[in-house]
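Colleague: The listed protein sequences correspond, in order, to chains A and D.
So the first sequence is numbered by UniProt numbering: it starts at 1 and just counts up by one.
So the second sequence is numbered by UniProt numbering: it starts at 1 and just counts up by one.
The hints are simulated quantities; they were obtained by calculation from the structure and are not laboratory data.
Everything numeric in this text was worked out from a predicted model, so none of it was measured.
Hints may contain errors.
Identical copies go unnamed one by one, so any copy, or any two together, can satisfy a pair.
Claimed, not checked - In the DSSO-like style, the derived pairs of lysine-lysine whose C-alpha atoms are separated by at most 30 Å in a straight line are:
| hint | residue 1 | residue 2 |
| --- | --- | --- |
| 1 | 350 | 273 |
| 2 | 235 | 350 |
| 3 | 166 | 243 |
| 4 | 4 | 261 |
| 5 | 350 | 262 |
| 6 | 341 | 359 |
| 7 | 243 | 439 |
Protein chains: 2
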Amino acid sequence: MSWKNYLSDRQATYLEDFRAFLSIPSVSAQPAHSQDVQRAAAWLAERFKRAGFLQAEVLPTAGHPVVLAEYCPYPDRPTVLFYGHYDVQPADNPERWNSPPFEPTIVDGRIVARGASDMKGQVMAFLLAAEALIATGALGLNLKALIEGEEEIGSPHLPEFIERNKERLRCDMIINGDSGQLSETTPLLSLGVRGICGLEFDLTGPSHDLHSGSWGGQVQNPLHAMAELVASLHKPDGSVAVKGFYDDVEPLSPELREWYKKIPWDEEEMKRKLGVPAFYGEAGYTPWERITGRPTLEVNGMWGGYTGPGGMTVIPSTAHAKITCRLVPHQDPDRIVALVKAHLEEHLPKGVRLEVRVKEAGAPAFRMRADHPVAQAAKEVLTELYGVPPVETMFGGSVPILSTLKKLLGHDPVSFGFGLEDELIHSPNEFFRLSSFEKGQRGYAMLLLQLAK
Amino acid sequence: MSWKNYLSDRQATYLEDFRAFLSIPSVSAQPAHSQDVQRAAAWLAERFKRAGFLQAEVLPTAGHPVVLAEYCPYPDRPTVLFYGHYDVQPADNPERWNSPPFEPTIVDGRIVARGASDMKGQVMAFLLAAEALIATGALGLNLKALIEGEEEIGSPHLPEFIERNKERLRCDMIINGDSGQLSETTPLLSLGVRGICGLEFDLTGPSHDLHSGSWGGQVQNPLHAMAELVASLHKPDGSVAVKGFYDDVEPLSPELREWYKKIPWDEEEMKRKLGVPAFYGEAGYTPWERITGRPTLEVNGMWGGYTGPGGMTVIPSTAHAKITCRLVPHQDPDRIVALVKAHLEEHLPKGVRLEVRVKEAGAPAFRMRADHPVAQAAKEVLTELYGVPPVETMFGGSVPILSTLKKLLGHDPVSFGFGLEDELIHSPNEFFRLSSFEKGQRGYAMLLLQLAK
């Protein structure tokens, strides 16, 4: 029997399996659900075994456990490692859900449940693809699946887990399933994401709020100092003014700039979509270069003083700001945070004190070559699956797991998943298309076969 | 009988009158108390009549009524108008009061009740002083008392009331009783306050919050624009950068600068009191000159983006700020607001839209000459009452009623009251010293006698 027939014969059963997986509220962020997280891990390991994996275990971490499944019967063939997660976002505000978040409901060809798109749907699709290939004897390589339970809380224990199990996780290629396509008709090949680091800081002037009539003019207003300090972080040309910020940034190569030009960008449509009167950014770069090829510094929050209705004539004691930077390859998150901190200290206006709090460790950027063999294989599969070649692009956001996997396991992870942008992940009524569930099974099978060639 | 004996014979009864007045919860801000406000006005008019005033009426406004009392038997003698208010601040949070706010309680020589210091205590002191002088035949001038019921909500209907009753309020001298002394042992002569005007504004970039990873670098961040715009409002020397802001400001005369030098200022003590690492203000001016002699522009609130715990990688759609300016003589509040608005428009960073909301009408500054005859009389009385001459100063805050009275009635109001800074006005457990109540009666009597000379 062909693997394709094997899959199509079993779609009704597979959908029941998917429902069962979605019914377990594996919310990693909420201690009340820690038993459910354990239960989901156990269910998944068991299902991997049923799929024909020779080993599938629930392995402990200092937090939620990792599911590690292995099918490695071929000592001389390459090994592919699949990364995914079985934990889900919280599903508070049940009144905003049209059906209970952990009672999967099918509406118009979509399965509605928390975690459907992010990412139990892709984990199941991969598992079922592997099952079909194993069952029909078509799989010509070794497989490992590393499915963690803490992605939605920032994967705090995953690096340590990988370090500790490095030998066992050894592989030749990595697929990241926590990913998606551009639309139902256009596939996507992501070749990179930016890194991230962040800090927050307070400026304190007087020890308590002062009356702005009695004291205005004689003490530094922390809000004025904040404005001055934040304004000092950028130059008039839109670039970041922090000394050393661009030190490790490689200029965009002519080849890369040519490549960027091919990414579609309709300025008027984007303006409408974002609702901005005009675009604005670092001078000398195109939109996609700015978003993915250049580092940025953004204030995500800034506040102080009276913010309620009406007026209150106060000079506040303190002002606050939160900053994150997005990084490109070779920029070290710790070094960038240190440079920003030094800038704040050096440009501190008179009359206020500065306190900086660095956020938990950042993540470096990830970028891979378009001619990487796994990327090329993914491209071929996507072209066949969708009938058109994938849009090759990079993203401005950050996926710390990519650089973590590369650093610890030595290979570029290729993102290959089937989520779509409109599937309300992290929101009420999250859903996954049944067509994507089925297409995902075929897609993963085709990719594994391609990689086995 | 001397007026002094008349007063001292009646202190027990007067304290009961004061208690009765304080027991009426005349909270102007709360509709639930509007009957109480009416009741306080009626009680007060009746008490003025009992004090010997020939007329005392409760006169309507579009809001709470005004009490107008008149004792004008001397066609050839001057007329003094006393300004005060009988409304009080709300007294919410009863659990923070040691005794019920409208059940006056005497503790350690202090009467604790909402409105005791601000300013039923001074209104009663003036009324009782007048009673004693009328009863003993000592008063050699005409008296008018204008006691409003909306001071704590910004006197919205008082200007219109004064306009409408200009003839009836005609006078030769004005005393403002809503005032205080420097301490129990040091009197104060206030010769001016700054004016005020304000506005608030929003900056809007994208029509909704954006992910700072996906879009950071390509759209203007309203928080960056806000920082840049707010920073543009001041020059490096601490002066206001708004074009035309100082156009109508008279340079400080050498005489005034000499006068300023006499106001006590202990820099180290003030630093400790305000808890600032250093003072900061417009270059070239002394502390008191900055606070009372020069105009300022202060941001009272500024906010946007994520302000909760942890991080959130957002580029907010909007950023907000509230601004007030303190004005010196000749600066017109409306013109200054228009100049600030023009500055914001002119310096608006790229990629954001501006919306400005002007607050309700501002107030011009008030300043009077130290050699004004009523000020001189007040100075003599205070010197006699306290045994030391008053500290002559101006204040940085704003008392809109002063410029309103001057503009509509044509005379400089002299502030002469007996509140002290520590009496918790506008806070739970407001109190008034019984010694101030008694000293106030004598003080007002002495001032009226001095003015009759």
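Colleague: With reference to the structure, classify each hint as holding or not holding.
Modeller: Evaluated hints:
1. 350 x 273: between (42 Å within a copy, 18 Å between copies)
2. 235 x 350: both (21 Å within a copy, 13 Å between copies)
3. 166 x 243: Neither: 38 Å inside a copy, 66 Å across copies.
4. 4 x 261: neither (38 Å within a copy, 94 Å between copies)
5. 350 x 262: between (49 Å within a copy, 28 Å between copies)
6. 341 x 359: Within one copy only: 12 Å inside a chain, 38 Å across chains, cut-off 30 Å.
7. 243 x 439: neither (49 Å within a copy, 64 Å between copies)
The structure shown violates the earlier hints numbered 3, 4 and 7.
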